[in-house]
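Asker: Letter by letter, the chains look like this.
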Amino acid sequence: MSEGLYLSERESAILGQEFLTWLWFKSEHEGGRFKAGDEWFEVYMEQRVSVEGGSGDGKEVATVAGPHAEMREARMGLSTGKKVNRALLRLAQDGEEWTMQLKAEDFAYNSVRTPKVDTRREQGEDPDGMWLEKLYLLEKCIGFMDLLYRQFLEVRLSSIKWPQELKAFRTWLTAR
Amino acid sequence: MAFFSASVSLSRYRIMDDVNDQLLREAPERLVKHAFQDIDHTADERSFGWVCADDYLDSKWKASPPEKGHFLIFSLRLDTRRVQPAVFKKHVAIAERSYLESIEDPDKRFMPKDRKREIRDQVMLKLRARALPVPAVFEAAWDLRTHTVYLASTNSKVRSLFEDLFTLTFELALEPLTPFFLASRMLGEEALPRLESLEPTDFPG
Numbered sequence: 001m002s003e004g005l006y007l008s009e010r011e012s013a014i015l016g017q018e019f020l021t022w023l024w025f026k027s028e029h030e031g032g033r034f035k036a037g038d039e040w041f042e043v044y045m046e047q048r049v050s051v052e053g054g055s056g057d058g059k060e061v062a063t064v065a066g067p068h069a070e071m072r073e074a075r076m077g078l079s080t081g082k083k084v085n086r087a088l089l090r091l092a093q094d095g096e097e098w099t100m101q102l103k104a105e106d107f108a109y110n111s112v113r114t115p116k117v118d119t120r121r122e123q124g125e126d127p128d129g130m131w132l133e134k135l136y137l138l139e140k141c142i143g144f145m146d147l148l149y150r151q152f153l154e155v156r157l158s159s160i161k162w163p164q165e166l167k168a169f170r171t172w173l174t175a176r
Numbered sequence: 177m178a179f180f181s182a183s184v185s186l187s188r189y190r191i192m193d194d195v196n197d198q199l200l201r202e203a204p205e206r207l208v209k210h211a212f213q214d215i216d217h218t219a220d221e222r223s224f225g226w227v228c229a230d231d232y233l234d235s236k237w238k239a240s241p242p243e244k245g246h247f248l249i250f251s252l253r254l255d256t257r258r259v260q261p262a263v264f265k266k267h268v269a270i271a272e273r274s275y276l277e278s279i280e281d282p283d284k285r286f287m288p289k290d291r292k293r294e295i296r297d298q299v300m301l302k303l304r305a306r307a308l309p310v311p312a313v314f315e316a317a318w319d320l321r322t323h324t325v326y327l328a329s330t331n332s333k334v335r336s337l338f339e340d341l342f343t344l345t346f347e348l349a350l351e352p353l354t355p356f357f358l359a360s361r362m363l364g365e366e367a368l369p370r371l372e373s374l375e376p377t378d379f380p381g
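Protein chains in written order, with this note's numbering: chain A, 1 to 176; chain B, 177 to 381.
The hints are simulated quantities; they were obtained by calculation from the structure and are not laboratory data.
Owing to the predicted nature of the structure, the values given are computational and were not obtained by experimental measurement.
Mixed in with the good hints, there may be bad ones.
[To be verified] Now the stretches of chain A that chain B is said to cover, found in silico as 3 or more residues with beta-carbon under 8 angstroms: (1) 52-64; (2) 104-115; (3) 130-140.
Built from N, CA and C at the ideal position, the CB exists for glycine as well.
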């Protein structure tokens with residue numbers, strides 16, 4: 001791996017953690033509904049979330065697993081400056097569902113579940129069909145996540161929009 | 177097949193270099209050139225290389241070609257011989273004892289450092305030859321429209337092996353799509369100075 005890739009680790013950790021932290025707020029604030037072009041899709045933070053604060057020896061991580069209402073500890077972590085470093089996300093569109101665990105620092109997609117693909121092949125059916133269907137579903141889910149990331153970047157890198165967003169975030173955080 | 181298991185773990189890369197048509201035409205041959213070599217009948221510790229995504233025993237792509245729609249799909253197969261540490265420890269102890277007992281004069285029964293190392297190497301070789309290689313298979317899909325590559329693993333050792341073998345095979349460098357690189361890809365080079373000078377946000381204020 002080149003030096004440049006290592007140098008970007010700090011920025012990746014900042015961007016990844018802030019994206020997932022923003023996404024938790026945004027998905028609750030917007031009722032889980034997001035727009036992709038003309039289409040709508042839904043994104044929810046599921047019952048498993050991990051928040052991290054501090055650095056080096058002072059690093060603290062709190063992982064919470066439980067129904068939505070019991071995610072108080074993780075939310076309390078946010079109010080002390082911790083950020084989301086791992087989240088279980090649920091995506092939905094037109095009755096189809098995906099779940100995945102996204103890691104903030106490198107955007108590794110773990111435990112990705114897509115809508116079911118039938119791997120039984122009928123006679124005369126294209127044998128590559130199941131591969132293409134599965135990859136279509138994986139890319140669709142990643143495409144939605146990219147879209148959300150792009151929305152985040154637009155706000156995060158704007159000196160006008162980001163302070164406004166933080167104001168809304170703080171209202172959300174203290175209202176619970 | 178990892179992509180079709182109930183849940184799959186994915187790493188995502190972007191190909192950093194230009195991909196020309198000739199290279200794409202050569203891709204199946206390049207995969208064969210770096211195909212997996214069986215070590216069932218050797219004492220090698222490990223072997224890795226590409227195999228057919230539809231059949232991990234097929235390193236000649238007889239079952240199906242790697243081209244599937246607008247994807248190139250292939251698998252990285254990694255076979256490793258593992259010797260359990262406790263088994264190794266036991267056989268080293270047996271070999272050392274047998275060596276010491278072979279010295280007739282009890283006063284001269286000691287183990288020189290070099291001999292100790294030699295015994296350990298011999299024992300490891302002997303046990304490795306008796307151990308069956310354990311296969312592991314990781315699928316990869318290269319989207320030829322976007323030149324995005326997906327690997328069905330997030331394990332750092334597997335990733336590193338995959339990245340190196342991919343570059344060796346296709347002479348193309350991979351960039352992991354981490355938050356920073358994904359952002360720079362989305363926003364273009366002009367956003368780099370801003371991305372590189374980011375300071376963490378104090379969310380609660």
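Asker: So which hints don't hold here, by number, going up?
Answerer: 1
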